[in-house]
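Peer 1: Heads up: the protein sequence lines correspond to chains L and E, in order.
Under my numbering, think of the first position of the first sequence as 4, with each following residue one higher.
Under my numbering, think of the first position of the second sequence as 257, with each following residue one higher.
Simulated from the structure, these hints should not be mistaken for lab results.
Please note: incorrect hints may appear among the correct ones.
Here are the in silico distance ranges between beta carbons for each label pair [said to hold, decoys possible]:
| no. | chain 1 | residue 1 | chain 2 | residue 2 | range |
| --- | --- | --- | --- | --- | --- |
| 1 | L | A15 | E | D360 | 52 to 62 Å |
| 2 | E | P376 | L | V42 | 22 to 32 Å |
| 3 | L | L33 | E | L309 | 50 to 60 Å |
| 4 | L | V194 | E | D335 | 48 to 58 Å |
| 5 | E | G356 | L | G209 | 18 to 28 Å |
| 6 | E | I285 | L | R195 | 48 to 58 Å |
| 7 | E | L309 | L | G209 | 52 to 62 Å |
| 8 | L | A45 | E | A327 | 23 to 33 Å |
| 9 | E | L309 | L | A20 | 51 to 61 Å |
Even glycine gets a Cβ: it sits at the ideal position worked out from N, Cα and C.
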Amino acid sequence: MHVLANPRRFLAIAVPATPWCFWGGIALILAGCWAGLFVAPADYLQGHSFRILYIHVPAAWLGMGGWSGLTIAAIMQLVWRHPLASVAGRAIAVPGAIFTALCLATGSIWGRPTWGTWWEWDGRLTSMLLLLFLYIGYIALARSSVERGDAGGVSRVTAIYALIGALNLPVIHYSVVWWNSLHQAKSISIVRMSSSIDPSMLWPLGLTVLGFTLWFTAIVLLRMRAMLAENRIEARLRRMSRG
Amino acid sequence: MVAVTSNRSGPKRKHQRLVLVLLALAAMIGGVLLAMSALRSQAAYFYTPAEALAAKVEPGRAIRLGGMVEAGSIKRHGDGTTVDFRLTDGEATVPATFTGITPDLFAENSGAVAEGAFGPDGVFRATNILAKHDERYMPREMEGIDYDPQTHQVDSSGQ
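Start from the sequences, fold in the hints, and give me the full structure.
Peer 2: Below is the structure:
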């Protein structure tokens, strides 16, 4: 990570990586959605409505993964004062919030035919909604720190806010374990390498999760590059105005 | 980028900040875990039948009751919208009745959450029913195959 702290070295890796992540991600998303819609068999209980899983699960993963990224960036910023870490935090927040909103929207659409309700104040749903509100708060704080001139990145207060918000992540994860909830327990265990999704329905999910993750990475890289370019423009304008 | 002065970025200061951040995180996580364990029963989305009977929920108080719909317990009345059923969690079983349209996934041997209140006769009068489904997804042909929720293993020999 220290190697990436230098913006020039970061750009040397980020510029060629961006198109690969962007187009590779889109190709995997399209392949996964096609397989999820037309190749995977219908569920024994839910029929075709389970297919929204191929969007819902990657959206949930990236909503939570985005905040994990904000947390790592915040620690890098607070401990090592990496200027790029605070730029990364600002770049992750907006796509993270959009994927969290997508997770809530697809979950709501899925809940209507299966559970019989658009929304319930269940532990999983409520903690995920809280994550969306945390993102909105982060975006507001990040914007105000840029306006005060924190060199393209976010202020230290914003980074501390990201650390506090990270406490919601274990609550989301364990909400279906700690409390009786309407949302079912998790289907995939990474630790035990097991899944209660039949393999014939699981592999398209692997494609969309990987695809959306690559695409998310590409968007974050693009946003970071735009912010760094903006900094350079501002620095040049300042030099020019001084003559 | 921000120019960092040398006295603020020395190895010692970085070490101090790392320890400080980790301590703060550990303290906050501890606080949240304490709060969550205190919330445990209050934040539950529903009572199971055994919990509702143990808590002696008084008749008329609005609660949610969740469990499995007992096999053979669904009886639909002649009016087409009233349904009697029993919810069980393996320890206790509660009779319930509901008038209205049930979700598609509401079925025997399947999870359901009923919103409503106990009547004076001990029958749960539901005003709304939500279907709960488990974490399994499989093709129709595999229905009925033995499945172990602990190991996620499907026993294909024991059909």
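Peer 1: A separate judgement is required for each hint: does it hold in the structure or not?
Peer 2: Tested hints:
1. A15/L <-> D360/E: 52 to 62 Å: Holds - the Cβ-Cβ distance for A15/L and D360/E, about 55 Å, lies within 52 to 62 Å.
2. P376/E <-> V42/L: 22 to 32 Å: violated (55 Å)
3. L33/L <-> L309/E: 50 to 60 Å: holds (53 Å)
4. V194/L <-> D335/E: 48 to 58 Å: holds (51 Å)
5. G356/E <-> G209/L: 18 to 28 Å: Violated, since G356/E and G209/L (Cβ atoms, about 40 Å apart) do not stay within the stated range.
6. I285/E <-> R195/L: 48 to 58 Å: violated (24 Å)
7. L309/E <-> G209/L: 52 to 62 Å: At roughly 44 Å between Cβ atoms, G209/L and L309/E fall outside 52 to 62 Å, so the hint is violated.
8. A45/L <-> A327/E: 23 to 33 Å: Given a distance of about 24 Å, which is inside 23 to 33 Å, the answer is holds.
9. L309/E <-> A20/L: 51 to 61 Å: Distance hint for L309/E, A20/L holds at roughly 59 Å.
Going through the hint list in order, the structure does not satisfy hints 2, 5, 6 and 7.
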